[in-house]
Structures are given as structure tokens and as C-alpha cells.
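Enquirer: The whole structure should be built from the sequences, with the hints applied where relevant.
Heads up: the protein sequence lines correspond to chains A and B, in order. At the far end of the first sequence sits residue 479, using the working numbering, and the numbering has no gaps. At the far end of the second sequence sits residue 1480, using the working numbering, and the numbering has no gaps.
One thing to keep in mind: the hints can contain errors.
In silico BS3-like links for lysine-lysine, alpha-carbon gap of 27 angstroms or less [claimed, not checked]:
no. : chain 1 : residue 1 : chain 2 : residue 2
1   : A       : Lys241    : A       : Lys255
2   : A       : Lys455    : B       : Lys1166
3   : B       : Lys1272   : B       : Lys1455
4   : A       : Lys455    : A       : Lys473
5   : A       : Lys438    : A       : Lys455
6   : A       : Lys363    : B       : Lys1242
7   : A       : Lys363    : B       : Lys1326
8   : B       : Lys1106   : A       : Lys42
9   : B       : Lys1106   : A       : Lys205
10  : A       : Lys62     : A       : Lys241
11  : A       : Lys205    : A       : Lys217
12  : A       : Lys84     : A       : Lys476
13  : A       : Lys363    : A       : Lys42
14  : B       : Lys1326   : B       : Lys1106
15  : A       : Lys473    : B       : Lys1455
16  : B       : Lys1221   : B       : Lys1247
17  : B       : Lys1166   : A       : Lys363
18  : A       : Lys455    : B       : Lys1247
No lab work stands behind these hints, which were simulated from the structure alone.
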Amino acid sequence: MSRSIRAIAAVLVLMLPAALAAQGTPLDRTHAPPVAPAPVFKVPAWTVDTLSNGARLVVVEKHDLPIVSLSIHFDGGSIQLGAKEGVSSFVGAMMREGTATRTADQLNNELALLGTNVGFGVGTESGTAGFSSLTRTFDQTIDIMMDMMLHSSFPAPALERLRTQSLAAYTRSQDVVGTIAFQVMPKLVYGDQPYGIVTNDADLKAVTRDDVANLAKALFVPANATVYVVGDMTRAMAKAKLERAFKVWPAGGQKLATSYPAAPAPGSTTIYMVDMPNKPQSEIVLAHAIPPEYSPDMARIDVADAILGGLFQSRLNLNIREVHGYSYGFNSRSSWRKGPGVELAAGAVTREKTDSSLIQAMKEIRGMTGGVPATADELVAAKNSLTLSLPSRVQSIAGISTVVSRIVDNNLPRDWWAQYIAQVNATSAADVASVSAKYMDPEHLVVVIVGDGSKISDPVRATAIAPVVVLDKTGKRMP
Amino acid sequence: MKAISLTLTLAVAIPAAAGAQTKPVPPARTPRTTAAAPRIPLEEYHLANGLTVLLSVDHSAPVVAVDVEHHVGSKNEEVGRTGFAHLFEHVMFTGSGHVPYGTHDKFTEGVGGSNNGSTNNDKTNFYESVPSNYLQTELWLESDRLGWLLDALDIAKLNAQRDIVKNERRQSYDNRPYGRVGEIMDAELYPEGHPYHWPVIGSMTDLSAASDADVKAFYNKWYGPNNTVLVIVGDFNPAETKAWVQKYFGAIPRGGAITRPVVPAAHLDHAKRFVYEDAVSQPELFIEWPGVGDKSPDRAALSIMGSIISGDRTQWLTQEFVYNRKWASSISLRAGMNENAGDVGLSVVPTPGIDLTRLEGAIDSVIDRFRREGPTAEQMKKATAGIEFGSYNRLQSMLGKAMTLASGWIYHDDPAFYAKDLTETLAVTAADVKRVADTYLGPNRIVLSAVPMGKRNLASHPDQSTPITSPFALTKQAVP
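Expert: Laid out in C-alpha cells, this is it:
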């Protein structure tokens, strides 16, 4: 339909120079055009009510499309409940295996015919339940969700099927350098603390049907629940619909206590190597503990991370990928948690350039601590990426839910985002150097390198960056 | 893609499409549901130099997405000179005549936005999503790399990007378990010289051998405004934006006339059977049939067929192998469509210890039964039940809308093709699905067993399987 117009356009092109001349001054392409002031970021307004069963209800109205999302956040997860390792990974799948009155196939088909999906998940420190649907199918969908939440049958044979699959997936994941690096890293940073434990095959084998049922029962209780309804639904309508649907879900359970030990004091920088023969790329991970989320240094650490490796033009990627061509990407991120988090720099690099990549990564990490101060341009880009990106996050109902729930879930002040933006914008080059020295200290890093030992071991040792300890894929020290 | 993981070929690559042109065209029908497709508001116009411009206003968030798509992909490359389209995707981020290296990121990521690009067999795109006050800046950046890219391109830049692409190749193909299966399948489904024979990332030998004159000639041939669509979606003023588009893009000269390659349908004269050794711990089984391209009248029926034969727990293959026999963790059969040809690809992750020969035989009996019986009425209903929600859901992302409009323009000369697609999908009948299953899931196909190194005996029908390696692997694999 469109291209035929070009026949006419071809004639018009002859007239173009005249048109341009008429405009006077030629266009100067060497300077960026002027920019209007940035749009002001407004967190969408939300209301908070307490439902009869004690659950909190948060509503954000957005009526431009006839869709709505419901998501229930449960405060606490496998750590707070002291669940056996590996149990939480089965909860979501087992809740799709049928209820007292619906077989798994019936459940599946009813949801499929509604054109939606209900999901449950349990993490280390939170749980979720929810769906997105057309506004008009909300009632039917939530009724099925409640049936799953309260009356799942957790059939033992289904667990055996899922266990076989999980074990096979575990085996397959052991072929991937990145998986192995992130499998051995947590224990090296956190020691025997809960965050240091990674589920392994022995854990998966030990999970029972009752473990799964009990975890779901203890976690999915109103006392722990905040319900987010975002989209084409008024506060009054949401309240009425949930009161009706939650009649089957009486008040109960208890709020889970949350407390975490500080991360263990880091030792001197050590390189931990895992051998995976014949791999054409090595995975390098450099890690250091950071404080819990919402600590006073959070905004400053976010700025430092953006300068070190959070963006494409950040120091690590610019050096290792763009200048040296050792990698397809080398980045960093601050992984925030309720307890101590971790700052990570990581990338897959060419086997033959493993030592060179390590040298460059260490150089950039060291430079962050003061030797190469953050430039004005770096600070602006880092701050903008953290603050001016917020408007794009409220395009979708899912994005709005994330932005608002961050405040409500963590009992932060209503104007928390404004405070955070102010803290980001107040961060100086000296602040960046100071948090870098404290939380990405080049003398106290955990460095994990997974790759072809026969080719990379000697060159890595020859860098003399730090002592080398050889581990197996599970993190055990090799002789 | 410019960074992080790429989906590039793996998703698009496993193509196929036998004799699509000769199949009868299904008669037109009235859609059987009234689910109205929400329309994306759209204004289309053209500059004198042939640039197509698509505008869609959405003030729901102060964000604007800009998507520039070129109707050029790896199929437009020549034998011995492959990988150029994808290489250009990289080069496009290295600066242009008036815009130094780094400026593009500075005015996207560095102002709270994002950017990236992607290349497939048929098209290449570059896009950014930014706070809406930066729209004019993005038009400045995009016009400069459309019109003045070569002014800033030298051999050093090319070499640097070649190295990065080789790392991309290592990361996404060579270092990834089963990562070479897609390109092996393509190379077998499409004969030597066929435009879909080689992977999007190209041959690293070709990339190394390319002179900068070769690369520039490719650019001049394919990246003119008359082979390009500019899509702007989001929070902007149309009159002001049109003036900016003219100001920045209007002076770019029209490119030469575009002659698109003749792309034969995928076709196999006989069945092929291979065994491929990879650095993996478990065997997997892959089957590929010739399918159809995106323009085929069978497109919608084949898509639905995939979601019915495999998918949720009550669908044919999934029910039989994941739930009843428990021979597999997952099984998937999907139609993969490039613009001009495509495939139907099956992949199965077997339960450890399951014999692939028995598994293949049992899969065939389920498929044969499906070809005889076709889907049930409930299965048909489930296959389209999520469409209404999905149609609204995708309107939430400015960038998502921009890409929907651009794809329609590139593949179908119709930015609103998504609406036609929805109508056609809702019109598919159980008889259509049965017919396409019977037509396309026949005996002429490629069966490939991917097995751990040294374990060819684990293949399906090992005695009849020819050892194969990827012709494109960066490090030449020893031929077994």
C-alpha cells in the first residue's frame, strides 16, 4: 500500500535543493539540537486500604486500556520460613498441578480459555501470586487463583515428574561457564550465611511433597500480603471484588520477622578458578559485598556502578569490549537485597585474552577508587540513567506496579522516589571514589574465573594479581 | 544486537518452507469472533528521497520511541561476503560524519533512555526509547548515521567491530550448548547459495576477508532512505516532528533502485539424518521440515498448529511425552518464518536415559495421529483465547508498537498488518490446521541428534546418521 507513492516522490526530489536554499542558513549537523526541559517524573497516585482479612490493598487506576494486573506480594520467603534448600523452586509449578475440585488439566484449560495465566513464586525473601487479564475476566480469574492458593492438592507423582526435570536441567546447566561462575560465587562472598547457599542436585533430591505444601501454606497468608491492583479498575471496584473473592481466605498467619547478619569481612583479593576444558570463552566475575538496600550509601553506590559498568559506555565495557575487543560485553550491577547485597562485575571473554581482560577489569576497578576520578560527563550520564529513566517505567501496568510496590512493600516514605532522585543528583566525584574504595575495594575482591584451565591457568597466575585457588564446579577446593 | 545476549539467528534461523507457492489459497472467511483488534493510531507519509515515515501519538507517558528499520538482512549478502548486515548493525554505533563515537549512547542511555539494534535474515533495525524532550536529538543522531555513516568509517573501526562480532559468535554460538544447531539446520535445509543458507552473523572467514570497499559497497546498495522506514511512537507533537524529520532526513539522497533477491522456498527431496557432537552432557533431538515464509497464506494456520501440537499440558506432544510417558522435560514444535521461506522445527529435551530412536518413533506416531485427526474444537478455542488480552497488552510499550508497525511495513507493505494478522488468525479453522499439518509434516525432513562428544551411539538411529559439524564454527571442529 505504501511504496507506490514513491514514484511521485522521485519527481519531488528535483525540487528539493530549491526548497533548502529558500530556508536560508544550512543545517549545522555538528551540534546536538536544543533540548526542552525534562518531563517531570510523577509516581502514579496510589491508595492503601486494609481488607477484612487483614491484607493490604493498593490500587493505582489507569483506565486507557481495558486491562488490569493483580499481584500479591508476600513479605518473607524461604529464608524467613527456614525452608529446606530447593523447596521454594517447586512451589510455583506444583500449584498448577490441581486443586481439591479441579484436575491439573481442568485448571490449565479454564485459564487458557480465559486467555490468561496465574503465577505463584517463592523467592529467598518474598513470595508472589498474580495475573494480568482483561478487566472483564478479572472475577473469574481471581476465583481460580484463590482455589490454587488455598486448595492445591500437591500430588506426589507430579513432584517426581518435576524433580526429574529439575535434575536434568541442573545437569545441563553445568555445561555453561556463566552458570558455574555464579554458582560458586555466593559462598565465597557470604560464607555459610543464607545468601551463600545455592541449590544443588542433592537438595533437589531431598524435597518432599509435604515440604512444598507446608511452605505454600505458611507463606500465602493474609497477614503477610499486600495486594496490588493496577489498571482499569477503580479503588471501590477493586475493594468490592477482592472482599468477595477473599471470603474464602480468612485472616490468619503471622508476619515474618526479617533480620540478616552483615556480610562476613572480606579476605584479601583471591582468584578462584574452575576448569571447564575446551571452552572458547572464559567467564570472569569480580564480586564484593555491599550494604542492605535503602542504606544511606545506596544512591551513591548506584551512581558508582553506572560509571564502572552499568551502561554501555561505562568504563569496563568501553575498555574490554570497545577498545580491546576481548568480549561481547563486560558489565557491572549492584544486586540489592534486604540483607547485604553484592556488587558484581562480569563478562565472558575470549579464552586467549582471559589474563588481559582480568588486568583491564582490575585496572578499571582500581581507577574508580580515586586514581581516575569520575568526570563531569560520567556523573551526568550515570545520574540521568538512574533518574530520567523512571518515566519510561510507568508506561505499563506491570511497570507501575513495580514502582509503587517498592515503596509500599518496604514501608518507605511516600516521597521516597523524590528523595532517591535527590540523593543521586547530590552524588559527587569524591562520593563515587569513596563508595568504590569501600564497596568495590580492589584489595578485597572475590574473583571467579571459569574456563579452559589448560590454556588460561598459567597466564592468569602470571598476572600476579592475586593468589589462585582452584575449585571444582560445586565450589569445593581442589588439591 | 549491540550488547548483552542476542536472539538474532537462533530464533529466526531454523527456517523452512517447501512448495508454499503451490499450495491452494484458503478461501476468505468472516472472522468467527467479534474480538475487536485495538488499532494503533497511525499517520504514514513519505519524504521526497523515499523515506517512509510512520507516526503514532501516545501521551500516556512522557516517552518517545524511535525505530529505524532497513529492509536488508543477511539474505542480501553474497556468497563469500557474508555477515555484512550484522556487521553494519555494530558499525552503526561507532559514530557518523558529524557525530563522534560515544555520542549516540550519551544521548540515549546517558539521558535516561535505551538503545539497541538487531539483525535477522531479512531486516535490520536500530532503535531508542528516550524521555520525550530528546526526540529532536534522536532524529539528529539517526539521520546522521543514515546519511553520513561512511564519512566516519575507517579500517580500524571495522577491525575493532570484527573482533567484537567474533566474540559475539563465541558467546552466542560456540560457547553455548547446542548453540550451533540452528545454523547446521539452515545450512542443510537451504542449499549452498540460497540466501538463507548462512547464519545471520555470517562466516568469520568472510568477515576477516572483507575489504573496506566491499563493506562500503554493501552499505551504499542497501541503506538508502528508499529502503528504510522511520517510526516514531509516543509523546510528541506531530507538526513539529514532521518539520524535524524533513530538516534532518530531507537532504539525504535517495539510494539506487532496490532489486530484492529471488528466494526459493525451502524444499527437501528426501529425508536427511545427522549426528552432531557438542560439548554437552545430555543428548537432544531436533527435527526440521520445510515450511513457509511470512507472506504465505498458510502462515496463520501453521502458527496455530504449533501451539496446538505442543504447548500447554493438554496439547498433543506435550501431554504424551512430558506428562504421560515422562520421556521429556519439554517438547516444542513451531513454525519459523522468515520473509520468503521458513521451516517447522521440533526440539525435544529428553529425560536422561531415554533412547532417542524410540523417542523419535513415538513422536512420529503422535504427529501422524494429529495429521489424521486434527485439533479438537476446544483446542482451537484455547489457541486464540489469549489474543484479545495480548492485543491490548502490547499497546503498553511505545517501542513495542513502533516495532509492530515497522515489521508490517517491511514484510507486508502495510504498517497495520497486525490487524489483518489478527483477523486471519481468528479465521483459521480446525480443518485448516489439519490440512497444514498433513501438508507440511511429511517424511522429507532433517533429523539431527546433538550428542555429547564421543557418544554418537546415543543418536536416534545411529547407524543411519551421518556425522556433521557446523561449517561456520569459529574454531574449526575436527570432522569426526
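Enquirer: Against this structure, judge whether each hint is valid.
Expert: Right, here's what the structure says about each hint:
1. Distance hint between Lys241 (chain A) and Lys255 (chain A) is fulfilled; the C-alpha atoms sit about 24 angstroms from each other, no more than 27 angstroms.
2. About 19 angstroms separates the Cα atoms of Lys455 (chain A) and Lys1166 (chain B), which keeps this hinted pair within 27 angstroms; it holds.
3. As the CA atoms of Lys1272 (chain B) and Lys1455 (chain B) are separated by approximately 20 angstroms, the hinted pair is consistent with the 27 angstroms bound.
4. About 18 angstroms separates the Cα atoms of Lys455 (chain A) and Lys473 (chain A), which keeps this hinted pair within 27 angstroms; it holds.
5. Proximity of Lys438 (chain A) to Lys455 (chain A) is assessed by CA-CA distance (about 34 angstroms); at most 27 angstroms being required, the pair is judged violated.
6. Annotation: proposed proximity of Lys363 (chain A) to Lys1242 (chain B) is violated, straight-line Cα distance about 47 angstroms (limit 27 angstroms).
7. At most 27 angstroms may separate the alpha-carbon atoms for a hinted pair to count; Lys363 (chain A) and Lys1326 (chain B) exceed this at roughly 51 angstroms.
8. With a CA separation close to 24 angstroms, the supplied pair Lys1106 (chain B) and Lys42 (chain A) stays within the 27 angstroms bound.
9. The straight-line distance between the Cα atoms of Lys1106 (chain B) and Lys205 (chain A) is roughly 50 angstroms, outside the 27 angstroms bound, and the hint therefore fails.
10. Taking the CA atoms of Lys62 (chain A) and Lys241 (chain A), the gap is about 17 angstroms. The hint holds against a cut of 27 angstroms.
11. The straight-line distance between the Cα atoms of Lys205 (chain A) and Lys217 (chain A) is roughly 22 angstroms, inside the 27 angstroms bound, and the hint therefore holds.
12. Taking the CA atoms of Lys84 (chain A) and Lys476 (chain A), the gap is near 21 angstroms; set against the 27 angstroms cutoff, the hint holds.
13. Between Lys363 (chain A) and Lys42 (chain A), the direct Cα distance comes to roughly 40 angstroms. Violation of the 27 angstroms bound is thereby established for this hinted pair.
14. The hinted pair formed by Lys1326 (chain B) and Lys1106 (chain B) fails the criterion: a straight-line CA distance of about 52 angstroms is larger than 27 angstroms.
15. At roughly 23 angstroms between alpha-carbon atoms, Lys473 (chain A) and Lys1455 (chain B) fall within 27 angstroms of each other, so this suggested pair holds.
16. Distance hint between Lys1221 (chain B) and Lys1247 (chain B) is fulfilled; the C-alpha atoms sit about 24 angstroms from each other, no more than 27 angstroms.
17. For a cut-off of 27 angstroms, the pair hint linking Lys1166 (chain B) to Lys363 (chain A) stands: about 24 angstroms separates their Cα positions.
18. A hinted pair counts as satisfied when its Cα atoms are at most 27 angstroms apart, and Lys455 (chain A) with Lys1247 (chain B) does not qualify at roughly 55 angstroms.
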